[in-house]
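The primary structure of each chain is shown beneath.
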Amino acid sequence: MAARPATPASPKNVKVNSPVPGTPLFGCGQSCIPHPASRIPHPASMGHTVVYPPTDSCVEHVQLLLSTNQETTNSSIQYYKMLLRVIFDKDPIIAQTSKTLEGLITTSLTANFLCLQCSAILSEEERLKHGAKKNHRFYVDSRSGSLFCQFCEDFVWDPTLEDLRIRKMGTGSFSSRKRKHEDMFSDSVKDGMKEEQRYIIANTTAASCRADGLRGIYNAGATCYQNVVLQSFLHNPLLRNFYLGDGHQSGDCQVSHCLSCAMDDMFQDFYALENTNGYTAANILSGFWISEKKAFENLVTTKEQDAHEFFQFLAEELHERNGDGKKPETGSEHSCNCIVHQTFYGKLQNQTTCQSCGGVTNAVESFLDLSLGLENLARKKGKKEPKGEPSLMLQDCLDEEYIKSDKCEYRCRNCSSSQLARRDHSIKLLPNVLSIQLKRFEFKQGSRDRAASKIRTKVQFPMQLNMLPYTTRGQSDNGRGSQELNRSCVYDLLSVVEHVGEIDTAATKYNN
Amino acid sequence: MASSVNISKAGVINAPDDAGSMDQLTHAVLDDLLYNIVHDLLIKVHREEKIARAATAAIRVEKLASDASDSSTPDARPDVKVETDAAVYDEGKVMLKGNPLVTTQDIVCPRCHLPRLLYPTDGKGARKPDPSIIYCKKRPYIDKPGYDIYGQTWVAQGPGRGKKKKDMEKKIDPNTPADSPTPASEGGILGGGAASRPPNMLSFPSATCSKCKRCILVTRLNNHMGSCIGNSGRNASRAAAQKISNGNSNGNGDGTPPSSQKGTPLPGSRAASPKKRDGDDMDEDDGTDNDAPKKKKLKPMVASINVNKKLVVKPKVGAGTKRDKKNDDDDGPTVEVAPKKKITKVPSPAKKLKLGVKPLMSSPLAKSNGKATVASGHAGDDAGSESSGTLSSPPAA
Chain A
1 MAARPATPAS
11 PKNVKVNSPV
21 PGTPLFGCGQ
31 SCIPHPASRI
41 PHPASMGHTV
51 VYPPTDSCVE
61 HVQLLLSTNQ
71 ETTNSSIQYY
81 KMLLRVIFDK
91 DPIIAQTSKT
101 LEGLITTSLT
111 ANFLCLQCSA
121 ILSEEERLKH
131 GAKKNHRFYV
141 DSRSGSLFCQ
151 FCEDFVWDPT
161 LEDLRIRKMG
171 TGSFSSRKRK
181 HEDMFSDSVK
191 DGMKEEQRYI
201 IANTTAASCR
211 ADGLRGIYNA
221 GATCYQNVVL
231 QSFLHNPLLR
241 NFYLGDGHQS
251 GDCQVSHCLS
261 CAMDDMFQDF
271 YALENTNGYT
281 AANILSGFWI
291 SEKKAFENLV
301 TTKEQDAHEF
311 FQFLAEELHE
321 RNGDGKKPET
331 GSEHSCNCIV
341 HQTFYGKLQN
351 QTTCQSCGGV
361 TNAVESFLDL
371 SLGLENLARK
381 KGKKEPKGEP
391 SLMLQDCLDE
401 EYIKSDKCEY
411 RCRNCSSSQL
421 ARRDHSIKLL
431 PNVLSIQLKR
441 FEFKQGSRDR
451 AASKIRTKVQ
461 FPMQLNMLPY
471 TTRGQSDNGR
481 GSQELNRSCV
491 YDLLSVVEHV
501 GEIDTAATKY
511 NN
Chain B
1 MASSVNISKA
11 GVINAPDDAG
21 SMDQLTHAVL
31 DDLLYNIVHD
41 LLIKVHREEK
51 IARAATAAIR
61 VEKLASDASD
71 SSTPDARPDV
81 KVETDAAVYD
91 EGKVMLKGNP
101 LVTTQDIVCP
111 RCHLPRLLYP
121 TDGKGARKPD
131 PSIIYCKKRP
141 YIDKPGYDIY
151 GQTWVAQGPG
161 RGKKKKDMEK
171 KIDPNTPADS
181 PTPASEGGIL
191 GGGAASRPPN
201 MLSFPSATCS
211 KCKRCILVTR
221 LNNHMGSCIG
231 NSGRNASRAA
241 AQKISNGNSN
251 GNGDGTPPSS
261 QKGTPLPGSR
271 AASPKKRDGD
281 DMDEDDGTDN
291 DAPKKKKLKP
301 MVASINVNKK
311 LVVKPKVGAG
321 TKRDKKNDDD
331 DGPTVEVAPK
341 KKITKVPSPA
351 KKLKLGVKPL
361 MSSPLAKSNG
371 KATVASGHAG
381 DDAGSESSGT
391 LSSPPAA
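Listed in order, the protein sequences are those of chains A and B. Quick note on numbering: full-length UniProt numbering labels position 15 of the first sequence as 15, and the sequence is numbered without any gaps. Quick note on numbering: full-length UniProt numbering labels position 6 of the second sequence as 6, and the sequence is numbered without any gaps.
Hint data in this document are derived by calculation from the structure and do not stem from the laboratory. Don't take every hint at face value.
[To be verified] With a straight-line Cα cutoff of 25 Å, these simulated DSS-like cross-link-like pairs (lysine-lysine) come out:
#	chain 1	residue 1	chain 2	residue 2
1	A	428	A	439
2	A	194	B	81
3	A	458	A	439
4	B	93	B	81
5	A	347	A	428
6	A	194	B	93
7	A	99	A	134
8	B	128	B	144
9	A	81	B	137
10	A	347	A	439
11	B	44	A	90
12	B	44	B	137
13	B	81	B	63
14	A	99	A	81
15	A	194	B	63
My request is simple: use the sequences and hints to build the entire structure.
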């Protein structure tokens with residue numbers, strides 16, 4: 001079809017992924033049994049059994065496609081990459097529109113099949129006819145990019161092609177930083193790697209297959225607010241890799257009652273032991289009690305506390321143990337290379353535009369989490385929909401904070417007087433793990449005294465969140481088009497810490 | 001139009017024949033969306049399953065190859081050609097034969113190379129595993145009301161504990177109502193103690209306090225650390241209340257009494273305090289415990305409390321304002337007085353906790369001698385003769 005660009009000429013030979021022990025080299029191999037014997041309904045046909053015309057006894061599969069000669073391999077992989085680009089980068093309508101042999105053009109909601117050996121886009125029924133007529137055997141699912149082998153009558157998951165697909169889906173590009181690293185270690189260095197691997201195998205014990213990090217933590221008496229935060233730290237892949245990679249070795253640490261050591265021990269217990277009973281976070285707790293953080297002094301009590309405050313406490317404490325030793329100051333552009341900063345800290349930009357002279361001032365500050373106010377939105381929503389419970393989207397709250405601008409008084413340097421100014425907030429640097437806090441508690445000014453109350457407006461949050469519209473780059477024009485940028489701003493929901501009940505009761509946490 | 005509308009894929013949501021074209025279109029769109037959802041779910045499972053089976057086929061054939069070559073070096077690739085029903089091993093490369101979903105029926109763990117158990121052993125979809133096979137330790141999670149994913153169960157501490165009990169169950173398994181197993185096993189716990197527990201029943205462990213090195217039941221840990229490390233608990237809350245109520249007025253030293261017998265300065269705060277202790281003490285009693293060990297614990301507690309009283313005050317000095325410092329200094333004498341009447345007085349905070357609560361508890365253990373404790377407990381709370389009352393009460397229980 002015209003919408004497809006021509007295959008770019010590439011001088012570089014594409015390599016099939018090198019063999020890995022425990023994985024077959026190709027997604028499907030030769031089967032000398034006539035394949036109707038191996039008929040199972042594939043998912044796409046939902047239980048319809050499709051009868052194929054019998055073909056030759058020895059059939060080509062992905063193995064043949066990728067191993068006959070370099071030229072075929074090159075063109076197949078290049079073409080597969082191009083199809084993935086069409087599927088994931090272009091308007092989905094392109095891949096979803098097919099033309100029957102009779103020339104009838106249909107756009108379907110369900111998946112089409114893109115032929116890997118020619119430029120045809122086919123519906124499921126047409127695919128069979130196309131295969132019989134042209135002897136084309138490989139098709140790409142137009143919604144997921146998965147490869148379908150007509151000989152297997154099944155989707156196949158070839159290690160090389162699947163690797164490309166996952167990378168394209170995840171990051172928006174085929175290259176990965178890791179690949180360069182692998183190339184660096186080719187051939188001569190590889191022997192060294194093997195040596196190292198043998199050393200690792202000889203000197204370590206593999207963790208049990210049972211230890212997968214799913215354990216509870218005992219409530220040591222109103223410590224639920226700590227447990228939820230600890231659980232979400234435990235299942236944070238960056239923190240997990242840091243601690244399991246000996247990022248902070250409790251054996252070498254001299255600090256007594258170090259919270260980072262306690263975290264290290266806890267990660268070990270969760271990911272290396274076979275225990276499935278609850279974990280007793282005694283060291284965390286005592287480190288918490290002993291800690292002399294003045295800012296969080298009021299946290300140290302035997303009553304229930306705010307999980308968010310504990311999150312801030314823990315993050316700052318771990319930063320101090322692992323980072324540059326400087327105390328993080330709120331509002332500053334402080335940044336260091338510690339694990340906590342790499343994981344949680346991003347940067348906010350506040351742009352103030354003077355309304356009279358048009359002068360722009362930028363202020364950048366780092367943030368640990370985004371706080372979103374609910375109060376105003378909930379009130380607005382409640383007015384608009386007086387019936388039923390109002391419910392908000394998380395994106396609504398983000399829009400309010402980072403897309404809409406507000407007005408403020410400020411002292412302009414150019415005008416040297418107090419002026420009305422417009423303030424725009426945007427995110428300059430997104431963190432690797434973004435934590436968003438919904439400000440659910442407000443102080444109500446009652447007739448007698450002030451009482452804290454909870455805003456109970458429901459806020460719906462998606463499993464995937466694209467933060468591009470709220471970033472400084474996303475709001476400028478040049479940032480909008482890039483697919484890679486777009487995809488790098490997509491966050492998957494990792495954990496939810498939810499406050500259940502009245503203002504001073506338990507919190508619950510769900511893990512995805 | 002009509003022809004395209006009719007080919008909705010799932011065929012689950014069908015418009016009635018006499019429906020208008022808009023109706024038909026809507027039904028077809030919904031039907032297609034449903035199809036897509038099911039398709040996506042299926043393809044995800046299909047991918048996991050097929051890759052796992054392909055890996056299984058590869059692991060098996062590699063094992064055969066390394067057995068056949070019997071070379072001593074582990075990672076040298078044996079250049080033999082081995083073939084199974086599912087795969088071919090040829091010079092270090094593994095090729096699949098046919099569809100691994102057909103040729104390979106089970107899944108081998110890629111890490112430990114033991115077969116995976118494919119069905120849960122309990123709950124929904126359970127099957128009996130083959131006892132002759134050693135399975136990989138990663139097992140399918142169990143889906144059974146009242147049990148967690150590992151098939152462990154949980155019993156809240158004693159009946160009638162309302163909120164606490166609900167919270168405990170929630171923590172173990174937030175998705176199940178978890179009502180069914182509780183009443184039956186509860187009786188067993190209270191009657192027979194630990195012996196009658198089923199093997200998969202979780203119980204509260206103990207942990208060592210990093211400061212005083214004593215073993216504390218986990219549910220008490222936070223409270224213990226509050227009084228042992230931090231300056232929380234009775235005195236801290238009083239100090240805080242004092243700070244708030246006094247505002248900036250300085251110099252009333254007896255306002256924050258560190259020792260308990262002099263404490264409870266305001267009738268209001270005292271009225272509230274038993275209630276609070278009630279909550280605290282719920283954690284303390286784990287139902288299987290009787291009072292004899294508690295009595296034994298008393299002595300070390302005396303010692304530690306005395307030591308801590310002084311230590312505890314100090315961090316507060318650093319933490320608080322200058323006014324606090326002055327207060328604490330004023331309190332100093334009262335702390336130091338305490339050791340003199342060591343046995344009679346100082347145990348009282350620990351003791352009193354128990355006594356204050358006993359009558360409020362509805363557990364059978366407490367009920368059996370409830371009357372006696374009520375009397376002595378109240379005496380302890382109100383009058384100065386608390387020391388004798390508290391000492392006599394544990395044997396009674």
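Verification of the supplied hints:
1. A/428 x A/439: Holds: residue 428 of chain A and residue 439 of chain A sit about 22 Å apart, inside 25 Å.
2. A/194 x B/81: Holds, because 24 Å separates the two Cα atoms, which is no more than 25 Å.
3. A/458 x A/439: The hint holds at about 12 Å.
4. B/93 x B/81: Between residue 93 of chain B and residue 81 of chain B the Cα gap is close to 10 Å, so the pair holds against 25 Å.
5. A/347 x A/428: Given that 25 Å is the threshold and the Cα spacing comes to 5 Å, the pair holds.
6. A/194 x B/93: 18 Å, holds
7. A/99 x A/134: 16 Å, holds
8. B/128 x B/144: 15 Å, holds
9. A/81 x B/137: 39 Å, violated
10. A/347 x A/439: 20 Å, holds
11. B/44 x A/90: 23 Å, holds
12. B/44 x B/137: 24 Å, holds
13. B/81 x B/63: With a Cα-Cα distance of about 12 Å, the restraint between residue 81 of chain B and residue 63 of chain B holds, given a limit of 25 Å.
14. A/99 x A/81: 22 Å, holds
15. A/194 x B/63: Between residue 194 of chain A and residue 63 of chain B the Cα gap is close to 20 Å, so the pair holds against 25 Å.
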